[in-house]
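A.B. asks: Sequence:
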Amino acid sequence: MGNIENQIEREKQNAKIVCSIEGDSSEDCAAAWDAVEELQAEASHQRQKRLTKTPFEAYCDNNPDAVECRVYED
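With positions in the sequence shown counted from 1, the corresponding number in our numbering is that position plus 2.
If you're looking for bench data, these hints aren't it; they were derived computationally from the structure.
Among the hints, erroneous ones may be present.
Taking CB as the label site, the calculated pair distances span [to be verified]:
#: 1; residue 1: Ile23; residue 2: Arg72; range: 51 to 61 Å
#: 2; residue 1: Tyr61; residue 2: Ala33; range: 37 to 47 Å
#: 3; residue 1: Glu70; residue 2: Glu29; range: 46 to 56 Å
#: 4; residue 1: Gly25; residue 2: Tyr74; range: 55 to 65 Å
#: 5; residue 1: Arg49; residue 2: Glu29; range: 29 to 39 Å
#: 6; residue 1: Asn5; residue 2: Glu59; range: 17 to 27 Å
#: 7; residue 1: Asp36; residue 2: Glu7; range: 29 to 39 Å
#: 8; residue 1: Gly4; residue 2: Val69; range: 26 to 36 Å
By construction, the Cβ of each residue, glycine as well, lies at the ideal position given by its N, Cα and C atoms.
Turn these sequences into a full structure, and let the hints guide you.
C.D. replies: As structure tokens, then:
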């Protein structure tokens, strides 16, 4: 999760720079802040997904080779 948080911070800095150069009402400024919003939405989705896993799913994510986590194809 830390990686996406770092990306958000980089995009925020980029948006501030773009807006200071191009102006707050420019299309480039709006696009830069849209990129920030998209990353924030993705981070939120990742947090929500992580919170909705059962303890067994979390165990299998951490131990994919465990016998009880094996998935067999027909």
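A.B. asks: Decide, hint by hint, whether the structure agrees.
C.D. replies: How the hints compare with the structure:
Hint check: Ile23 to Arg72, Cβ distance near 55 Å, so the stated range 51 to 61 Å holds. Judged by the Cβ atoms, the range 37 to 47 Å given for Tyr61 and Ala33 holds: they are separated by roughly 42 Å. Checked against the given bound of 46 to 56 Å, the beta carbons of Glu70 and Glu29, roughly 53 Å apart, stay inside it. Separation of Gly25 from Tyr74 is about 60 Å and conforms to the stated range, judged on CB atoms against 55 to 65 Å.
Our hint of 29 to 39 Å for Arg49 and Glu29 holds, since their Cβ atoms are close to 31 Å apart. Separated by about 22 Å at the C-beta atoms, Asn5 and Glu59 satisfy the suggested range of 17 to 27 Å. At roughly 18 Å, the beta-carbon separation of Asp36 and Glu7 lies outside the given 29 to 39 Å, and the hint is violated. Checked against the hint of 26 to 36 Å, the C-beta distance between Gly4 and Val69 comes to roughly 32 Å, which is consistent with it.
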